[in-house]
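Participant: Here the protein sequences come in this chain order: L and P. Terminal number for the first sequence in my numbering: 455, no gaps in between. Terminal number for the second sequence in my numbering: 334, no gaps in between.
By construction, these hints were calculated from the structure, which means they are not laboratory data. Wrong hints could be hidden among the right ones.
[Stated by the list, open to error] Within a straight-line C-alpha distance of at most 30 Å, the following computed DSS-like cross-link-like pairs (lysine-lysine) qualify:
#1 P:234 - P:254
#2 P:126 - L:194
#3 L:194 - P:189
[Said to hold, decoys possible] Label-pair ranges, simulated between beta-carbon atoms:
#4 L:193 - P:332: 32 to 42 Å
#5 L:357 - P:167: 51 to 61 Å
#6 L:193 - P:15: 36 to 46 Å
#7 L:279 - P:178: 55 to 65 Å
#8 P:213 - L:197: 20 to 30 Å
#9 P:208 - L:350: 52 to 62 Å
#10 P:158 - L:355: 43 to 53 Å
[Said to hold, decoys possible] A few chain L positions that, by computed beta-carbon distances, are all more than 10 Å from chain P:
#11 50
#12 54
#13 84
#14 197
#15 273
#16 296
#17 347
#18 356
#19 394
#20 395
#21 420
#22 422
#23 423
#24 446
A quick note: this is a predicted structure, and the numbers were derived from the prediction, not measured. Idealized CB from N, CA, C, for every residue including glycine.
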Amino acid sequence: MTAIADRIRELSIIRRSVEIVENLLTEFGYERIETPILQPAELFLTRAGDQIVDHLLTLEHRDELLALRPEFTSPAIAAYLQSGTAQSVVRWSFNGPVFEDNPAQERLQSESVGAELLGMPGRYAEAEIIALAGLAAERMGIADYEIVIGHVGLTRYLLNQFGLDTRAQRLLLNYLNHQREPLVAETLQNWLEKFISPSGLSGNGEHEDQSRILQALMDTTHPDTALVGGRSRDDILERLLRKQQRYVRHENLLEAVSFLVKYASMTVGYSENWQETIMALPAVNEQAQVLTGEIQQVAAMVLAYGIDQRKLVIKPALARSWDYYSGTVFELRVNGAIFAGGGRYDDFAALLGAAGEVPAVGLAFYLNNVISDNEFTAGDQIQTLKIQLTPASNLTAAVRWAQELRRHGQNVTVVEEPSNNAYPLQGEHLIVDSKPYGIDDIHSLIDLLKDKTAS
Amino acid sequence: MNRVMFALPSKGAIAEPTMSFLQDCGLRVDKPNPRQYIGTIPAIPTIDVLFQRVIDVLYKVADGTAKLGITGLDVIAEYGSEDIIVIHDNLNYGHCKLVVAVPEAWIDVENMIDLAEVALDFREAKMRNLKVATTYPNQTREFLHRNGIHHFSIVAAEGAIEAAPTIGYADIVVDLVQTGTTLRENHLKPLLDGVIINSQACLIGNRRMLKEHPEALQAARILLEHIDGALLGKTYTQITMNITGISAEDIGRKIAANPLTRGLQGPTVAPIFGAEKNDSGQWFTATLIVPGKLLLTAIESLRAVGATHMSAVPVRYVFLHESPTFAQLQAALG
Numbered sequence: 001m002t003a004i005a006d007r008i009r010e011l012s013i014i015r016r017s018v019e020i021v022e023n024l025l026t027e028f029g030y031e032r033i034e035t036p037i038l039q040p041a042e043l044f045l046t047r048a049g050d051q052i053v054d055h056l057l058t059l060e061h062r063d064e065l066l067a068l069r070p071e072f073t074s075p076a077i078a079a080y081l082q083s084g085t086a087q088s089v090v091r092w093s094f095n096g097p098v099f100e101d102n103p104a105q106e107r108l109q110s111e112s113v114g115a116e117l118l119g120m121p122g123r124y125a126e127a128e129i130i131a132l133a134g135l136a137a138e139r140m141g142i143a144d145y146e147i148v149i150g151h152v153g154l155t156r157y158l159l160n161q162f163g164l165d166t167r168a169q170r171l172l173l174n175y176l177n178h179q180r181e182p183l184v185a186e187t188l189q190n191w192l193e194k195f196i197s198p199s200g201l202s203g204n205g206e207h208e209d210q211s212r213i214l215q216a217l218m219d220t221t222h223p224d225t226a227l228v229g230g231r232s233r234d235d236i237l238e239r240l241l242r243k244q245q246r247y248v249r250h251e252n253l254l255e256a257v258s259f260l261v262k263y264a265s266m267t268v269g270y271s272e273n274w275q276e277t278i279m280a281l282p283a284v285n286e287q288a289q290v291l292t293g294e295i296q297q298v299a300a301m302v303l304a305y306g307i308d309q310r311k312l313v314i315k316p317a318l319a320r321s322w323d324y325y326s327g328t329v330f331e332l333r334v335n336g337a338i339f340a341g342g343g344r345y346d347d348f349a350a351l352l353g354a355a356g357e358v359p360a361v362g363l364a365f366y367l368n369n370v371i372s373d374n375e376f377t378a379g380d381q382i383q384t385l386k387i388q389l390t391p392a393s394n395l396t397a398a399v400r401w402a403q404e405l406r407r408h409g410q411n412v413t414v415v416e417e418p419s420n421n422a423y424p425l426q427g428e429h430l431i432v433d434s435k436p437y438g439i440d441d442i443h444s445l446i447d448l449l450k451d452k453t454a455s
Numbered sequence: 001m002n003r004v005m006f007a008l009p010s011k012g013a014i015a016e017p018t019m020s021f022l023q024d025c026g027l028r029v030d031k032p033n034p035r036q037y038i039g040t041i042p043a044i045p046t047i048d049v050l051f052q053r054v055i056d057v058l059y060k061v062a063d064g065t066a067k068l069g070i071t072g073l074d075v076i077a078e079y080g081s082e083d084i085i086v087i088h089d090n091l092n093y094g095h096c097k098l099v100v101a102v103p104e105a106w107i108d109v110e111n112m113i114d115l116a117e118v119a120l121d122f123r124e125a126k127m128r129n130l131k132v133a134t135t136y137p138n139q140t141r142e143f144l145h146r147n148g149i150h151h152f153s154i155v156a157a158e159g160a161i162e163a164a165p166t167i168g169y170a171d172i173v174v175d176l177v178q179t180g181t182t183l184r185e186n187h188l189k190p191l192l193d194g195v196i197i198n199s200q201a202c203l204i205g206n207r208r209m210l211k212e213h214p215e216a217l218q219a220a221r222i223l224l225e226h227i228d229g230a231l232l233g234k235t236y237t238q239i240t241m242n243i244t245g246i247s248a249e250d251i252g253r254k255i256a257a258n259p260l261t262r263g264l265q266g267p268t269v270a271p272i273f274g275a276e277k278n279d280s281g282q283w284f285t286a287t288l289i290v291p292g293k294l295l296l297t298a299i300e301s302l303r304a305v306g307a308t309h310m311s312a313v314p315v316r317y318v319f320l321h322e323s324p325t326f327a328q329l330q331a332a333l334g
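Assemble the whole structure, with the sequences as input and the hints as a guide.
Facilitator: Dropping the structure here:
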């Protein structure tokens with residue numbers, strides 16, 4: 001359990017890091033938006049990405065299932081659609097506690113800052129979002145970071161080349177997403193073997209088997225009666241057909257798996273010749289080149305923001321959430337921990353009932369991750385100036401000193417106990433480095449205090 | 001002397017087997033009144049028995065009301081806490097499995113990958129989550145996540161959850177299965193790779209109480225002496241045979257030449273008085289224990305070295321130089 005003193009320090013660091021990110025976002029024209037902490041769970045349960053759904057913190061209230069906000073994106077898109085501003089470009093920022101019911105983590109609550117750029121298609125928006133992550137890290141004094149860039153659209157496109165149905169792709173990518181790296185071909189093939197198991201419908205002319213299975217379905221279901229476990233006879237038949245088709249085309253799946261093993265392991269520094277490495281893969285064609293070019297364009301623009309190219313790593317298969325993102329994705333990692341991540345998720349609005357796609361790209365900062373890694377340095381140095389009362393102090397003067405110093409941007413507190421960093425008040429004079437300062441000398445005192453802080 | 005509360009299941013699948021198990025271990029439980037929740041174990045006078053529901057055994061041990069208890073591994077997996085230490089996880093009774101089961105009519109669903117796809121069907125075509133009825137929400141959630149199923153809702157249920165898909169308040173169930181009959185009767189089938197946990201009865205203790213209360217640790221030691229002795233004893237059969245040889249040493253060497261008939265250290269050999277000598281030498285009787293499942297192999301081996309008139313009886317206890325489980329417990333408590 002984190003000690004209270006540590007927690008207080010951590011919150012203090014987080015507050016300052018939030019300020020740094022917010023200031024940066026304001027410079028880029030992002031407007032701060034508030035979202036409720038408590039929301040209907042439905043908003044997340046059926047629409048958010050797998051990781052969020054897995055760890056959603058829910059509670060029941062008057063027969064309604066509520067969730068403590070796990071992220072900002074879903075409420076942001078919902079608000080965008082409801083605001084009637086759809087198709088206009090908005091830049092929104094969010095911050096506050098987010099909640100996660102994850103047994104692997106010590107606490108349920110963490111602090112997050114997020115930004116969403118909605119209504120803007122194209123590479124410019126993606127590069128801006130990625131650059132914001134890098135610039136924020138640098139302003140916080142985090143030197144040792146890397147930005148990993150991938151492309152969900154490219155991965156999906158390449159898998160399409162193997163003739164996989166959408167559902168097969170989705171399950172395969174989900175499996176990939178939950179595996180620890182490096183991906184081993186054997187485990188993926190074991191998975192595949194189970195995936196294409198034919199349910200007795202072998203597809204090679206064994207009519208007896210097919211008849212037996214179908215008869216079993218006829219016996220246990222009826223087209224006009226209620227669903228069995230929520231599924232109708234048609235639902236079951238439709239899926240049987242899907243399985244059968246996969247079984248017939250299982251060679252394609254085997255090829256796709258073999259491709260995916262190579263593709264998923266590909267991680268290349270930006271300064272290396274990463275595009276050629278991708279082009280050498282099977283299944284890469286003209287359209288794949290276009291998508292690869294998108295990564296190149298985004299990365300080049302990120303560099304234009306002043307991000308060091310040695311910080312950029314290209315990992316085309318980077319998977320943040322396959323059912324959430326649709327294009328460029330990224331993660332900013334500090335010693336392996338994710339400090340920020342996001343990407344393009346144009347399809348997401350349709351899940352919330354929009355008629356079509358809404359261009360959307362966003363990011364979230366996971367501030368606790370980096371603080372626990374002791375990487376954050378900018379927040380440690382806040383000084384509070386202490387005015388020490390003595391028997392000879394003029395109390396009214398103490399109030400005036402404190403207020404004047406605060407007006408000049410100092411954090412001030414008044415104490416009675418002497419300490420190394422407390423300045424005694426003698427009468428109306430504040431004693432700093434053995435020299436008395438009257439209230440009229442405040443400007444020279446401020447300069448002195450700034451010098452002392454800098455040194 | 002401070003007394004030690006030992007919580008035992010009062011009802012449920014492992015209640016009666018627990019009483020039989022303890023009796024087989026020489027730890028008969030006396031319950032003066034069937035309506036009361038207390039009892040004694042005459043073999044360990046410092047122990048008081050408290051009868052509770054299987055899950056409440058865990059809670060009573062966790063909060064220190066009872067210092068020791070017997071419950072199921074499934075209960076520990078679902079509700080266990082740091083206060084609980086599993087002292088013996090292989091009491092070898094009360095076997096059952098926590099499994100994922102789907103309606104038999106779902107003939108397209110045979111494994112967890114199939115179910116993952118059906119869960120996506122629910123989400124995308126029906127715009128709702130797969131509903132799972134269970135009394136094991138934590139184990140279920142973790143297992144489904146591990147198997148790529150993320151969009152589901154747990155329907156908390158108490159008793160008769162096998163009927164949930166028929167009644168309609170859930171699509172599938174996660175439940176304990178012993179023989180599978182109840183599932184079949186409710187037109188459900190377990191998924192081949194849907195076993196969440198293989199469970200059986202286990203002995204548990206309160207970690208802090210065992211560290212701080214010597215009488216609790218002493219009670220655990222006596223329990224474990226009986227339990228280890230009885231469980232090990234069950235695996236052995238004692239063979240007594242007549243055999244001729246020129247000396248006890250000669251017979252001992254012949255029998256022990258085969259590791260299977262060496263017993264724990266070697267055979268006990270004694271002369272038979274009054275038996276006539278023959279060409280092979282004098283008659284002796286030899287006794288040893290062998291693993292019960294290899295009894296006939298051992299008999300053949302003994303015949304081969306001249307043994308005859310062999311009798312075999314079950315071994316009730318085998319006590320080693322110390323209770324191995326108690327040694328493990330001491331190490332775990334530090």
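Participant: Does each hint fit the structure? Answer for all of them.
Facilitator: Going through the hints against the structure:
| no. | hint | verdict |
| --- | --- | --- |
| 1 | P:234 - P:254 | 26 Å, holds |
| 2 | P:126 - L:194 | 25 Å, holds |
| 3 | L:194 - P:189 | 18 Å, holds |
| 4 | L:193 - P:332: 32 to 42 Å | 40 Å, holds |
| 5 | L:357 - P:167: 51 to 61 Å | 41 Å, violated |
| 6 | L:193 - P:15: 36 to 46 Å | 42 Å, holds |
| 7 | L:279 - P:178: 55 to 65 Å | 58 Å, holds |
| 8 | P:213 - L:197: 20 to 30 Å | 54 Å, violated |
| 9 | P:208 - L:350: 52 to 62 Å | 55 Å, holds |
| 10 | P:158 - L:355: 43 to 53 Å | 44 Å, holds |
| 11 | 50 | 4 Å, violated |
| 12 | 54 | 5 Å, violated |
| 13 | 84 | 24 Å, holds |
| 14 | 197 | 6 Å, violated |
| 15 | 273 | 35 Å, holds |
| 16 | 296 | 33 Å, holds |
| 17 | 347 | 12 Å, holds |
| 18 | 356 | 17 Å, holds |
| 19 | 394 | 57 Å, holds |
| 20 | 395 | 53 Å, holds |
| 21 | 420 | 42 Å, holds |
| 22 | 422 | 44 Å, holds |
| 23 | 423 | 49 Å, holds |
| 24 | 446 | 53 Å, holds |
Violated hints for the displayed structure, listed by number in ascending order: 5, 8, 11, 12 and 14.
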